[in-house]
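Chains as they are written, first to last, in our numbering: chain A, 1 to 351; chain B, 1 to 516.
Since the hints were derived computationally from the structure, they do not count as laboratory data. A portion of the hints provided could be inaccurate.
[Said to hold, decoys possible] Each computed SDA-like pair below joins lysine to any residue, with the alpha-carbon atoms no more than 25 Å apart: (1) A:Lys43 with B:Gly295; (2) B:Lys83 with A:Arg218; (3) B:Lys437 with A:Ala216; (4) A:Lys43 with B:Ala272; (5) A:Lys335 with B:Asp309; (6) A:Lys335 with B:Asp277; (7) A:Lys43 with B:Arg492; (8) B:Lys83 with A:Gly221; (9) A:Lys335 with B:Thr95; (10) A:Lys335 with B:Ile150; (11) B:Lys83 with A:Ala216; (12) A:Lys335 with B:Arg138; (13) A:Lys335 with B:Gly314; (14) A:Lys335 with B:Asp312; (15) A:Lys335 with B:Ser163; (16) B:Lys83 with A:Arg226; (17) A:Lys335 with B:Glu476; (18) B:Lys421 with A:Arg218; (19) A:Lys43 with B:Arg138; (20) A:Lys335 with B:Val308; (21) B:Lys83 with A:Lys335; (22) B:Lys83 with A:Pro214; (23) A:Lys43 with B:Lys83; (24) A:Lys335 with B:Asp165; (25) A:Lys335 with B:Gly335; (26) B:Lys83 with A:Val224; (27) B:Lys83 with A:Asp215; (28) A:Lys43 with B:Thr95; (29) A:Lys335 with B:Val266; (30) A:Lys43 with B:Glu476; (31) A:Lys43 with B:Gly273.
Given the structure is predicted, the values throughout are model-derived calculations rather than measurements.
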Amino acid sequence: MTTLTAPGTLSSPLRHTLAGLLRSREIAIAVVAVLVVAVTTAKNHQFLFAANGWRDLLLTPSILLLLAVGETAVVITRSVDLSIGSVVGLTAYLTGRLFIAHPGLPVGLVFLIGLAAGGVLGLVNGVLVAFGRVPALVITLGTMYVYRGIFLTWAGSNRVNASDLPDSFLRLGTQQVLTIPVLTIIAVVVLAVAGYYLYSARGGRELYAIGSDPDAARLYGLRVTRRVLTAFVLSGAMAGLAGVATAARYGTVSANAGLNLELQAVGAAVIGGVAIFGGSGTVWGAALGAFLLVTINRALPVIGVQDFWQQFVVGAMIIGAIVLDRVLSIRRDRKIAAATSAARAAARGNS
Amino acid sequence: MPEPAAATAVLELRDVTKAFGSVVALRSGSLTVERGSVHALVGENGAGKSTLVKIVAGVYQRDAGTFRFLGQDVDFASTAASKAAGIAVIYQEPTLFPDLSVAENIFLGRQTLGRPRRIDRPAMYAAAEALFARLGVRLDPRRQARGLSIADQQIIEIAKAISLDASLLIMDEPTAALSGVEVERLFAVARGLRDEGRGLVFISHRFDEVFALCDTVTVMRDGQYVSTERVADTSVDQIVARMVGREVSELFPKTPAPIGDVVLDVRGLSAAGVFRDVSLTVRAGEIVGLAGLVGAGRSEVARAVFGVDRYDAGSVRMFGRPVRAHDVRAAIRAGMAFVPEDRRGQGLTTQASVARNVASVIRRGLARGGLLTTAAENRAAGPWSARLEVKTAALDMAAETMSGGNQQKVVLAKWLATEPKLLIIDEPTRGIDVGTKAEVHRLLSDLAGRGLAILMISSELPEVLGMADRVLVLCEGELTAELDRADATPERVMHAATRSARPIDTPAAAPVEVTA
Numbered sequence: 001m002t003t004l005t006a007p008g009t010l011s012s013p014l015r016h017t018l019a020g021l022l023r024s025r026e027i028a029i030a031v032v033a034v035l036v037v038a039v040t041t042a043k044n045h046q047f048l049f050a051a052n053g054w055r056d057l058l059l060t061p062s063i064l065l066l067l068a069v070g071e072t073a074v075v076i077t078r079s080v081d082l083s084i085g086s087v088v089g090l091t092a093y094l095t096g097r098l099f100i101a102h103p104g105l106p107v108g109l110v111f112l113i114g115l116a117a118g119g120v121l122g123l124v125n126g127v128l129v130a131f132g133r134v135p136a137l138v139i140t141l142g143t144m145y146v147y148r149g150i151f152l153t154w155a156g157s158n159r160v161n162a163s164d165l166p167d168s169f170l171r172l173g174t175q176q177v178l179t180i181p182v183l184t185i186i187a188v189v190v191l192a193v194a195g196y197y198l199y200s201a202r203g204g205r206e207l208y209a210i211g212s213d214p215d216a217a218r219l220y221g222l223r224v225t226r227r228v229l230t231a232f233v234l235s236g237a238m239a240g241l242a243g244v245a246t247a248a249r250y251g252t253v254s255a256n257a258g259l260n261l262e263l264q265a266v267g268a269a270v271i272g273g274v275a276i277f278g279g280s281g282t283v284w285g286a287a288l289g290a291f292l293l294v295t296i297n298r299a300l301p302v303i304g305v306q307d308f309w310q311q312f313v314v315g316a317m318i319i320g321a322i323v324l325d326r327v328l329s330i331r332r333d334r335k336i337a338a339a340t341s342a343a344r345a346a347a348r349g350n351s
Numbered sequence: 001m002p003e004p005a006a007a008t009a010v011l012e013l014r015d016v017t018k019a020f021g022s023v024v025a026l027r028s029g030s031l032t033v034e035r036g037s038v039h040a041l042v043g044e045n046g047a048g049k050s051t052l053v054k055i056v057a058g059v060y061q062r063d064a065g066t067f068r069f070l071g072q073d074v075d076f077a078s079t080a081a082s083k084a085a086g087i088a089v090i091y092q093e094p095t096l097f098p099d100l101s102v103a104e105n106i107f108l109g110r111q112t113l114g115r116p117r118r119i120d121r122p123a124m125y126a127a128a129e130a131l132f133a134r135l136g137v138r139l140d141p142r143r144q145a146r147g148l149s150i151a152d153q154q155i156i157e158i159a160k161a162i163s164l165d166a167s168l169l170i171m172d173e174p175t176a177a178l179s180g181v182e183v184e185r186l187f188a189v190a191r192g193l194r195d196e197g198r199g200l201v202f203i204s205h206r207f208d209e210v211f212a213l214c215d216t217v218t219v220m221r222d223g224q225y226v227s228t229e230r231v232a233d234t235s236v237d238q239i240v241a242r243m244v245g246r247e248v249s250e251l252f253p254k255t256p257a258p259i260g261d262v263v264l265d266v267r268g269l270s271a272a273g274v275f276r277d278v279s280l281t282v283r284a285g286e287i288v289g290l291a292g293l294v295g296a297g298r299s300e301v302a303r304a305v306f307g308v309d310r311y312d313a314g315s316v317r318m319f320g321r322p323v324r325a326h327d328v329r330a331a332i333r334a335g336m337a338f339v340p341e342d343r344r345g346q347g348l349t350t351q352a353s354v355a356r357n358v359a360s361v362i363r364r365g366l367a368r369g370g371l372l373t374t375a376a377e378n379r380a381a382g383p384w385s386a387r388l389e390v391k392t393a394a395l396d397m398a399a400e401t402m403s404g405g406n407q408q409k410v411v412l413a414k415w416l417a418t419e420p421k422l423l424i425i426d427e428p429t430r431g432i433d434v435g436t437k438a439e440v441h442r443l444l445s446d447l448a449g450r451g452l453a454i455l456m457i458s459s460e461l462p463e464v465l466g467m468a469d470r471v472l473v474l475c476e477g478e479l480t481a482e483l484d485r486a487d488a489t490p491e492r493v494m495h496a497a498t499r500s501a502r503p504i505d506t507p508a509a510a511p512v513e514v515t516a
């Protein structure tokens, strides 16, 4: 009898660790992000060392980060949520109207209302997707326009201005604790909770299972409908939270609030290694993807790159990330096929 | 609640039926599994075994009949319900989540929890390793399930089923991909479960295994219960006779046709891990049947010949001229036509009209100045549809509204309109009711009579034996027999199709761990 050993076993622990690090998408993205910040700062010190440089570096990505976390939960189940940009706009406007109607409303309560409103809008998506048996791409494309339409009809020619919002709320938009902006802290706490749920809770693992093979999930007896609903509610709630944060951060809510954010969120998730066909990827990766996406967008003008090329770079990053995933998976499949054939041949030779 | 003393049966099915639309998958399924017994369920492909299993598992719901589990009448609305009641099923095709770890695949939804309801991964890995130790296999519980060999996947399924601590364990061909050593270990575990008083159902095409493991055997044929006997009181020949027992020649008349020159010549075709060194020829006017069990690689060979899939070695020639590999258009130009197994998914545009379907392959020849008119499509489709007696009100009727038999005829018409020299047809009568089956057979026989060479893949033994001039048998990716019409008996084909590549008593290579 022969025992096969996998080829290429010159393994030293160091080499193993290094290979593992290189294979981790999260670390690769983090390295690229640090490089972008370093290069930009070297070109223009203002980027990091201006009065608001550090604050903006952390604050600007936090809204997209929230959206990317919610989007990731949905994409992992092999769906997509395109309505979140409109949910951001709608809940941001709702926030303004709440403060106009009740100027004394506690800020914490407004955040909760935004979260709940977003959750309800997400539930509508989830119900349509889970029970309508129509692909999420189509459903949420529809609700994207419907939600935006509700927002525009409701707002008419009005807009929410900074003067409509209480100072305590506006201050929250730029406030810092130990140099870290409050909105960033909220986003990171949400990220940590979502990351914990997806990695360490049974429900979270079932989301991965559903995206990995929906038919097998049904055969296994998982409650697919309920889990998919949960993912959409989560995505909507995150968008609601991001809507309130948008109002606090910018002070004004105009008709194009949140426009195109859904595509940026999908882009961030893809760059962060979340497979568009579900089953794999982490919210950590998606969050880093969001950070990288926003930071590159801010860095390119600083180093004097024209507008057209900024869009180009974002597109190239998304395509690059997908091509990278594809190449890695083809290489892995080849390796496995070769190993399987070798094993079969050995089995034949032996009998 | 005290259990009735008389109920020693874990599972009792009586006269269970199941139909999918007009196709009856299970006419009358009966099966009684006692406590502390390993019960073999045998029958040809399509005998209704898998449908029966899926009813017990809660995947399908029966149309009629009695279903008792642990002495009580039950109705399982879902797989979750049957699992909760204590039924574990190992399906024929492993159903794993490729992105999750091996251990998670075993324990999903039942993971060991620490505080606060956090999945305790170290404990889960330890539990998985304990299961693997019991099965005597080495498998890393931390690695992703993606890319595991079928054997390893099967082992995970077995570990999953055992960990459920079920009163009834159903194994649908669990040994197909296992090596001799692994099979022995599985049997040891199965005997252990039997001695604990559980009921086991074992579906297998390997009779040596049935005789080694089981104490009772139930035979099914054509969706119907045939017999139940003690294994000790029967023999392989008896079982095979019960499995096939029907007059072949009456059902499937192939009229003799003059056999001409070699049309298709395949030599040494191999694709890593799928099939190996397959050589075959098909002559004009000849129907060659490709038989074998599900998963033997028959469809894969056909797809490679037609250029859908790649192959690693070998050659495909039509009339002596080589046909480019992995190029469907070249195959069509060379005169091949391919009617796939899944005609709804791959052969038909179900929403389009009959005429459009028939004309779809030849539309290049029909177009006038680059435009394709409905009138031209109808003109081209008319004669073929008429010849095949497609029963539709009009040619512009949508294909999806037609019966399975008529859909098959539309697919055939579509390919025959290209005037092929070779027809490859995969499962020509799957999902077609008995009456229409005969029509499809008469049609194939007719086409062979006009000089068409036909390569027919079929899981239905009587169909192969009745229609084919020559029968090739594929087993685990290799040709194991070539039988002339006169020599082809159900027993011979069955024996060739179930030949184990490795004799069970000689240990094969050690389980190989594949690392990604």
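Hints, verified against the model:
1. A:Lys43 with B:Gly295: violated (62 Å)
2. B:Lys83 with A:Arg218: Holds - the C-alpha atoms of A:Arg218 and B:Lys83 are around 12 Å apart, at most 25 Å.
3. B:Lys437 with A:Ala216: violated (32 Å)
4. A:Lys43 with B:Ala272: Violated. A:Lys43 to B:Ala272 sits at ~54 Å, over the 25 Å cutoff.
5. A:Lys335 with B:Asp309: It holds: about 19 Å lies between the C-alpha atoms, which stays within 25 Å.
6. A:Lys335 with B:Asp277: holds (22 Å)
7. A:Lys43 with B:Arg492: Not satisfied, since the Cα-Cα distance of roughly 80 Å exceeds 25 Å.
8. B:Lys83 with A:Gly221: holds (8 Å)
9. A:Lys335 with B:Thr95: Measuring from Cα to Cα gives roughly 22 Å; hence the hint holds.
10. A:Lys335 with B:Ile150: holds (16 Å)
11. B:Lys83 with A:Ala216: holds (14 Å)
12. A:Lys335 with B:Arg138: holds (20 Å)
13. A:Lys335 with B:Gly314: Holds, at about 23 Å.
14. A:Lys335 with B:Asp312: holds (16 Å)
15. A:Lys335 with B:Ser163: violated (31 Å)
16. B:Lys83 with A:Arg226: holds (19 Å)
17. A:Lys335 with B:Glu476: Measuring from Cα to Cα gives roughly 22 Å; hence the hint holds.
18. B:Lys421 with A:Arg218: This hinted pair is violated, its Cα atoms lying about 44 Å apart.
19. A:Lys43 with B:Arg138: The given pair, whose Cα atoms are some 55 Å apart, is violated under the 25 Å limit.
20. A:Lys335 with B:Val308: holds (23 Å)
21. B:Lys83 with A:Lys335: violated (36 Å)
22. B:Lys83 with A:Pro214: Within the cut-off at roughly 18 Å; holds.
23. A:Lys43 with B:Lys83: Distance ~63 Å between A:Lys43 and B:Lys83 Cα, so the pair is violated.
24. A:Lys335 with B:Asp165: Given that 25 Å is the threshold and the Cα spacing comes to 36 Å, the pair is violated.
25. A:Lys335 with B:Gly335: Violated, at about 36 Å.
26. B:Lys83 with A:Val224: holds (16 Å)
27. B:Lys83 with A:Asp215: Given that 25 Å is the threshold and the Cα spacing comes to 17 Å, the pair holds.
28. A:Lys43 with B:Thr95: violated (54 Å)
29. A:Lys335 with B:Val266: violated (28 Å)
30. A:Lys43 with B:Glu476: Status violated; Cα separation ~64 Å.
31. A:Lys43 with B:Gly273: violated (55 Å)
In summary, the structure is inconsistent with hints 1, 3, 4, 7, 15, 18, 19, 21, 23, 24, 25, 28, 29, 30, 31 from the numbered list given earlier, while agreeing with the others.
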